[in-house]
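Asker: Sequence:
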Amino acid sequence: MVAASPGALAAAVPSLEQGLVYDEFAERTAAPVAVVGEGVARRLGITTLENAPAVFVGGEAFSVVGIVGDVERKADLLPSVVVPRSTAERVWGGAENAAEPRMLISTRIGAAQQVAAEAGLALRPDHVEYFRAIAPPDPEQLRSSVGSDLDQLFLLLASVCLVIGAVGIANTTLVAVLERTGEIGLRRALGARGRHVAGQFLAESRALGALGGLLGTTAGTATVVAVAVVREWTPVIHPATVAAAPVAGLATGLLAGLYPAVRASRVQPVEALRR
56 MVAASPGALA AAVPSLEQGL VYDEFAERTA APVAVVGEGV ARRLGITTLE NAPAVFVGGE
116 AFSVVGIVGD VERKADLLPS VVVPRSTAER VWGGAENAAE PRMLISTRIG AAQQVAAEAG
176 LALRPDHVEY FRAIAPPDPE QLRSSVGSDL DQLFLLLASV CLVIGAVGIA NTTLVAVLER
236 TGEIGLRRAL GARGRHVAGQ FLAESRALGA LGGLLGTTAG TATVVAVAVV REWTPVIHPA
296 TVAAAPVAGL ATGLLAGLYP AVRASRVQPV EALRR
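According to this note's numbering, the sequence shown is numbered sequentially starting from 56.
Hints may be right or wrong, so weigh each one.
In silico SDA-like links for lysine to any residue, alpha-carbon gap of 25 Å or less [to be verified]:
(1) Lys129 / Arg163
(2) Lys129 / Pro194
(3) Lys129 / Ser141
(4) Lys129 / Ala171
(5) Lys129 / Tyr185
(6) Lys129 / Pro156
(7) Lys129 / Phe111
(8) Lys129 / Ala65
(9) Lys129 / Gly223
(10) Lys129 / Asn106
(11) Lys129 / Thr162
(12) Lys129 / Met158
(13) Lys129 / Ala167
(14) Lys129 / Ala66
(15) Lys129 / Ala174
(16) Lys129 / Trp147
(17) Lys129 / Ser70
(18) Lys129 / Thr102
(19) Lys129 / Arg140
(20) Lys129 / Gly62
(21) Lys129 / Ser161
(22) Lys129 / Ser60
(23) Lys129 / Ile189
(24) Lys129 / Ala86
(25) Lys129 / Arg187
(26) Lys129 / Ala188
(27) Lys129 / Val68
(28) Lys129 / Glu72
(29) Lys129 / Leu71
(30) Lys129 / Pro191
(31) Lys129 / Asp181
(32) Lys129 / Ile101
(33) Lys129 / Arg83
(34) Lys129 / Leu75
(35) Lys129 / Ile160
(36) Lys129 / Glu144
(37) Lys129 / Asp193
(38) Lys129 / Ser200
(39) Lys129 / Leu176
In case anyone wonders, no lab produced these hints; they're calculated from the structure.
It should be emphasised that the depicted structure is a prediction, and the values quoted were computed from it without experimental measurement.
Make a model of the complete structure from these sequences and hints.
Answerer: What follows is the structure in structure tokens.
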């Protein structure tokens with residue numbers, strides 16, 4: 056059960072399925088009328104207002120004058136039976152018998168923060184502390200917060216992909232070391248030192264990482280441009296980001312190739328040639 060003035064209902068911007076919302080006359084006369092949400096009407100078996108249906112609350116009858124399908128604000132009105140404020144005071148007493156009263160203020164776009172800051176002063180200059188205004192989030196701050204959360208999510212996904220790529224490069228390089236044991240032994244027998252063998256495999260792992268970063272950057276840039284063209288947006292691509300991806304891939308390949316390179320450098324020529 057919700058007691059609301061006609062102004063509060065209007066500020067909620069209801070979409071009526073049937074009937075109408077009560078007006079100032081019903082408020083002044085404390086008329087026993089009510090507006091219900093579509094879900095409430097369905098549960099109560101109210102399908103039409105032509106037979107003047109009524110709902111009973113605490114033994115009091117209220118004529119249903121309107122069924123609301125949806126509201127733009129205050130969605131908690133939909134599952135409620137809404138009556139005029141004066142009617143609620145007549146039937147159940149004053150505000151001491153009700154929950155904390157609330158006021159809904161409809162503002163122009165962009166003015167919510169300013170109105171919230173000045174509402175208490177405008178309503179009761181002598182007792183501003185009686186009011187606590189809660190404004191909806193500022194659109195710019197909300198967009199910035201959502202953008203920051205998305206950036207963190209994409210950074211986390213990129214980190215996971217980077218780790219997966221590093222594991223893939225390490226596995227590929229390690230398999231290459233095992234398959235090319237004879238080649239490693241031959242090079243060592245011809246005078247190559249362990250650091251030369253390690254350098255060879257590090258160079259290969261770096262090349263794999265840089266190639267992966269380059270291909271990923273190309274695919275990502277192409278996707279951004281394609282989506283922008285389809286949506287008729289202006290693509291924004293930072294050169295620093297594009298340049299950093301291959302470098303990050305190269306560094307990842309270098310780190311991923313350390314263990315296989317060290318293992319290759321420790322292969323003994325005699326044992327390698329026997330294989």
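Asker: Work down the list of hints and note, for each, if the structure agrees.
Answerer: Going down the list of hints, with the structure as the test:
About 17 Å separates the Cα atoms of Lys129 and Arg163, which keeps this hinted pair within 25 Å; it holds. A hinted pair counts as satisfied when its Cα atoms are at most 25 Å apart, and Lys129 with Pro194 qualifies at roughly 19 Å. Proximity of Lys129 to Ser141 is assessed by CA-CA distance (about 20 Å); at most 25 Å being required, the pair is judged to hold. Using a Cα cut-off of 25 Å, the hinted pair Lys129 and Ala171 holds, with the two alpha carbons roughly 17 Å apart.
Between the alpha carbons of Lys129 and Tyr185 the distance comes to roughly 22 Å, so the proposed pair stays at or under 25 Å and holds. For the given pair, Lys129 sits about 14 Å from Pro156 by alpha-carbon distance, which is consistent with the 25 Å threshold. A C-alpha spacing of about 24 Å is found between Lys129 and Phe111, which places the hinted pair at or below 25 Å, so the restraint holds. Between the alpha carbons of Lys129 and Ala65 the distance comes to roughly 11 Å, so the proposed pair stays at or under 25 Å and holds.
Our distance criterion of 25 Å between C-alpha atoms is broken by Lys129 and Gly223, whose separation comes to about 53 Å. Of the pairs offered as hints, the one joining Lys129 and Asn106 is violated, with about 29 Å between alpha carbons and a cut-off of 25 Å exceeded. Only pairs whose Cα atoms come within 25 Å are accepted, and Lys129 paired with Thr162 is accepted, the gap being roughly 14 Å. Annotation: proposed proximity of Lys129 to Met158 holds, straight-line Cα distance about 11 Å (limit 25 Å).
The hinted pair formed by Lys129 and Ala167 meets the criterion: a straight-line CA distance of about 16 Å does not exceed 25 Å. Annotation: proposed proximity of Lys129 to Ala66 holds, straight-line Cα distance about 9 Å (limit 25 Å). Between the alpha carbons of Lys129 and Ala174 the distance comes to roughly 19 Å, so the proposed pair stays at or under 25 Å and holds. A C-alpha spacing of about 23 Å is found between Lys129 and Trp147, which places the hinted pair at or below 25 Å, so the restraint holds.
With a CA separation close to 13 Å, the supplied pair Lys129 and Ser70 stays within the 25 Å bound. Between Lys129 and Thr102 the alpha-carbon distance is near 24 Å, which keeps this suggested pair within the 25 Å criterion. A distance of roughly 16 Å separates the Cα atoms of Lys129 and Arg140; the hinted pair therefore holds under the 25 Å criterion. At most 25 Å may separate the alpha-carbon atoms for a hinted pair to count; Lys129 and Gly62 meet this at roughly 13 Å.
A C-alpha spacing of about 11 Å is found between Lys129 and Ser161, which places the hinted pair at or below 25 Å, so the restraint holds. The suggested pairing of Lys129 with Ser60 holds, with an alpha-carbon distance near 14 Å, which does not exceed 25 Å. Between Lys129 and Ile189 the alpha-carbon distance is near 13 Å, which keeps this suggested pair within the 25 Å criterion. Simply put, Lys129 and Ala86 have alpha-carbon atoms about 23 Å apart, close enough for the 25 Å limit, and the pair holds.
Restraint check for Lys129 and Arg187: satisfied, since their Cα atoms lie roughly 17 Å apart, inside the 25 Å limit. Restraint check: the Cα-Cα separation between Lys129 and Ala188 comes to about 15 Å, which is no more than 25 Å; the hinted pair holds. Restraint check: the Cα-Cα separation between Lys129 and Val68 comes to about 9 Å, which is no more than 25 Å; the hinted pair holds. The hinted pair formed by Lys129 and Glu72 meets the criterion: a straight-line CA distance of about 17 Å does not exceed 25 Å.
Distance check on the hinted pair: Lys129 and Leu71 sit about 15 Å apart at the alpha-carbon level, within 25 Å; holds. In summary, the hint linking Lys129 to Pro191 is supported, as the alpha carbons are separated by about 12 Å, within the 25 Å threshold. Restraint check for Lys129 and Asp181: not satisfied, since their Cα atoms lie roughly 29 Å apart, outside the 25 Å limit. Our distance criterion of 25 Å between C-alpha atoms is met by Lys129 and Ile101, whose separation comes to about 23 Å.
For the hint linking Lys129 to Arg83, the alpha-carbon distance of about 24 Å falls within 25 Å, and the restraint holds. For the hint linking Lys129 to Leu75, the alpha-carbon distance of about 18 Å falls within 25 Å, and the restraint holds. Between Lys129 and Ile160, the direct Cα distance comes to roughly 11 Å. Compliance with the 25 Å bound is thereby established for this hinted pair. As the CA atoms of Lys129 and Glu144 are separated by approximately 22 Å, the hinted pair is consistent with the 25 Å bound.
For the suggested pair Lys129 and Asp193, the alpha carbons sit about 18 Å apart, so the restraint of at most 25 Å is met. Restraint check for Lys129 and Ser200: the C-alpha separation of about 24 Å stays at or below 25 Å, so the hint holds. A hinted pair counts as satisfied when its Cα atoms are at most 25 Å apart, and Lys129 with Leu176 qualifies at roughly 24 Å.
The structure fails to meet hints 9, 10, 31 from the earlier list, while all remaining hints are met.
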